[in-house]
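Protein sequence lines correspond, in order, to chains A and B.
In terms of this note's numbering, the first sequence has 3 at position 3, counting the first letter as 1, and numbering is strictly consecutive.
In terms of this note's numbering, the second sequence has 206 at position 206, counting the first letter as 1, and numbering is strictly consecutive.
No incorrect hints appear here.
Cross-link-like lysine to aspartate or glutamate pairs, in silico, EDC-like; alpha carbons within 20 Å at most:
1. K317(B) with E244(A)
2. K24(A) with E145(B)
3. K287(B) with E230(A)
4. K163(A) with E200(B)
Simulated from the structure, these hints should not be mistaken for lab results.
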Amino acid sequence: MNIFVCISHVPDTTTKIIIGQDGKSIDRTEVTYILNPYDEFAIEAGLQWKESKGGEVTAVCVGSPEVKETIRKAFAMGVDKGIHIVTDSPFDSYGTARALADTLRERRPDVVFCGRQSIDYDGWQVPGMLAELLGMPAVTVVSSLELREDGTFTAERDIEGGKETIVSRLPALISAQKGLNNPRYPKLQGIMAAKKKPIEDVPAVQTPPRVRVLEMFKPPLKSGGRIVGEGAGAVPELVRLLHEEAKVI
Amino acid sequence: MHFLVFIEQRNGTIKKASLETLSAAAVLAKEPASPVEAVCLGTASGLDTLGAYGASKVYHVPDSRLDLYSSTAAVKAVTAVATEYGADVVFLPATSLGRDLAPLLAVRLDAGYAADVVSLALDEGGITAVRPVFAGKAFERVRIETPRQVYTLRPNVFPALTADNMSCPVVTFDAALSEEDFTARSVGTSIAASKLDVAEATIIVSGGRGMQGPEHWHYIEDLAGVLGAATGASRAAVDAGWRPHAEQVGQTGKTVSPNLYIACGISGAIQHLAGMSSAKVIVAINKDKDAPIFQAADYGIVGDVFEVLPALTDALKRHMGS
Ligand SMILES: Cc1cc2nc3c(=O)[nH]c(=O)nc-3n(C[C@H](O)[C@H](O)[C@H](O)COP(=O)(O)OP(=O)(O)OC[C@H]3O[C@@H](n4cnc5c(N)ncnc54)[C@H](O)[C@@H]3O)c2cc1C
Ligand SMILES: Nc1ncnc2c1ncn2[C@@H]1O[C@H](COP(=O)(O)O)[C@@H](O)[C@H]1O
Numbered sequence: 001m002n003i004f005v006c007i008s009h010v011p012d013t014t015t016k017i018i019i020g021q022d023g024k025s026i027d028r029t030e031v032t033y034i035l036n037p038y039d040e041f042a043i044e045a046g047l048q049w050k051e052s053k054g055g056e057v058t059a060v061c062v063g064s065p066e067v068k069e070t071i072r073k074a075f076a077m078g079v080d081k082g083i084h085i086v087t088d089s090p091f092d093s094y095g096t097a098r099a100l101a102d103t104l105r106e107r108r109p110d111v112v113f114c115g116r117q118s119i120d121y122d123g124w125q126v127p128g129m130l131a132e133l134l135g136m137p138a139v140t141v142v143s144s145l146e147l148r149e150d151g152t153f154t155a156e157r158d159i160e161g162g163k164e165t166i167v168s169r170l171p172a173l174i175s176a177q178k179g180l181n182n183p184r185y186p187k188l189q190g191i192m193a194a195k196k197k198p199i200e201d202v203p204a205v206q207t208p209p210r211v212r213v214l215e216m217f218k219p220p221l222k223s224g225g226r227i228v229g230e231g232a233g234a235v236p237e238l239v240r241l242l243h244e245e246a247k248v249i
Numbered sequence: 001m002h003f004l005v006f007i008e009q010r011n012g013t014i015k016k017a018s019l020e021t022l023s024a025a026a027v028l029a030k031e032p033a034s035p036v037e038a039v040c041l042g043t044a045s046g047l048d049t050l051g052a053y054g055a056s057k058v059y060h061v062p063d064s065r066l067d068l069y070s071s072t073a074a075v076k077a078v079t080a081v082a083t084e085y086g087a088d089v090v091f092l093p094a095t096s097l098g099r100d101l102a103p104l105l106a107v108r109l110d111a112g113y114a115a116d117v118v119s120l121a122l123d124e125g126g127i128t129a130v131r132p133v134f135a136g137k138a139f140e141r142v143r144i145e146t147p148r149q150v151y152t153l154r155p156n157v158f159p160a161l162t163a164d165n166m167s168c169p170v171v172t173f174d175a176a177l178s179e180e181d182f183t184a185r186s187v188g189t190s191i192a193a194s195k196l197d198v199a200e201a202t203i204i205v206s207g208g209r210g211m212q213g214p215e216h217w218h219y220i221e222d223l224a225g226v227l228g229a230a231t232g233a234s235r236a237a238v239d240a241g242w243r244p245h246a247e248q249v250g251q252t253g254k255t256v257s258p259n260l261y262i263a264c265g266i267s268g269a270i271q272h273l274a275g276m277s278s279a280k281v282i283v284a285i286n287k288d289k290d291a292p293i294f295q296a297a298d299y300g301i302v303g304d305v306f307e308v309l310p311a312l313t314d315a316l317k318r319h320m321g322s
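Given these sequences and hints, build the entire structure.
Take a look at the structure:
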């Protein structure tokens, strides 16, 4: 089975966000980057399918040279090959999906795994766009997955208040939600092997951005926050404030 | 500009988030006046009432195979409606369905796409949209550069506005779907009937590690019951197996924007705040006066949840009764 996993390189969840000089992007100087947490579920799903059905797993990442370290994290988990689609200037989601589609199309994936969302720009859109550009169905936010011999599969996706059961068939794109599996920790052996695995560089064709950022800003700080009081004695005052001041009850 | 709004139905009932989306589009379409039309897939009733929320016409694709969601068929049907009627701007609610469908639609329509929008404006240059990034730690104002545009709007942010009891015409549209169009299709849903989802609730009562175990969740549920609220949880409570992941609020859970969020025994880690800091009013109950949740809260009570919660439930019962 020819398995691809799209991974992204994102600021750590605890990163303090500082708006950059241009007022349109973040200041990257103090930021530590990690493998997008949802992509760990995608990698694990790819590895499990390889283990049960055979084939190989290739991780693909679009970005500047630093993303190579993220591809190496995927190697350490057990991914066989890496493709780095090299860009100097950042792409919007459509540009990223186009670059991925241009590279993956000729490699004829049986399945492409993605994460539910990347936790930087919270786009929730590369998977669907990529699937559409590759002409395959997208099943997103998947928390359970079962593949049958004939290439059809059943997936559960999270919806408001419950789950939805989707039936589809390969080739397909599947985006992973927490709960799909428990991503493995890299073993020492894997970390050593990761250093030697080859990363193929592919130049990205620049697509004009479809979405332009005019401004980036921090949310206004909560100003009126206050401690109403201590213990159960503060309850009547809280109820009064919620009713009269905040008008939410 | 020609606006098209996707109306989501489940089990034939129109979802509230679609009414909010339609209302937001109608507000935007006032100056200059642009037609706002709606599209709904599958069996649904009451579509003529969408006129009250600003729709001038509804295209209905009554194909019963669309009663349950099929992304592959839905994208074809909505693209057909949008193309036939010359829509420039398509709005969808940023629900699980809308978020799944919108990127597909954007590719089919050659449109730029902005997801999870929390504010919209229209000026000479066109539409600008504000959307949260970095889990709500910042916002970006964006403009879509392509002539055709797709937006998903975050639920519970835009008010659903009923003008008057205006009804609108409902036009049946044949999307000419064949069986091959249903390559990915839902065969059923399991939705806990009585349970209100955190992503849709206007009031949420959430518990964290400070609740000390699943056997104490009746404190949370009782308060939620009085308020008609959904129950939520921190990741610590979910990872401990006390609560299902569907209730998790935060960076790796759900993003919520209720009118009122009550955090009980939750410290207020940045990843939790990421999911709920856009709530309109935040109340925190925590025994540690230095807990970071108090920085994000509008009102706080320093105290033991096991003492404060029953008192609050009782007081609210009396308040609601009066
Ligand atoms: C990649 C990543 C993603 C994450 N995603 C999420 C996410 O989506 N959602 C999320 O919530 N977290 C997330 N986290 C975890 C987050 O960092 C915190 O660990 C978590 O939110 C803590 O949960 P908590 O507040 O319930 O527990 P704690 O931090 O342990 O806080 C418990 C609080 O309860 C108070 N308390 C204890 N007893 C009582 C009592 N009797 N009465 C009143 N107060 C009491 C304590 O003072 C304390 O403040 C994520 C972490 C990472 C690294
Ligand atoms: N630069 C990228 N390179 C490779 N895959 C990506 C990239 N950006 C996003 N993805 C994939 O798309 C998913 C959703 O990202 P997004 O649409 O940006 O929220 C991620 O979890 C990845 O699987």
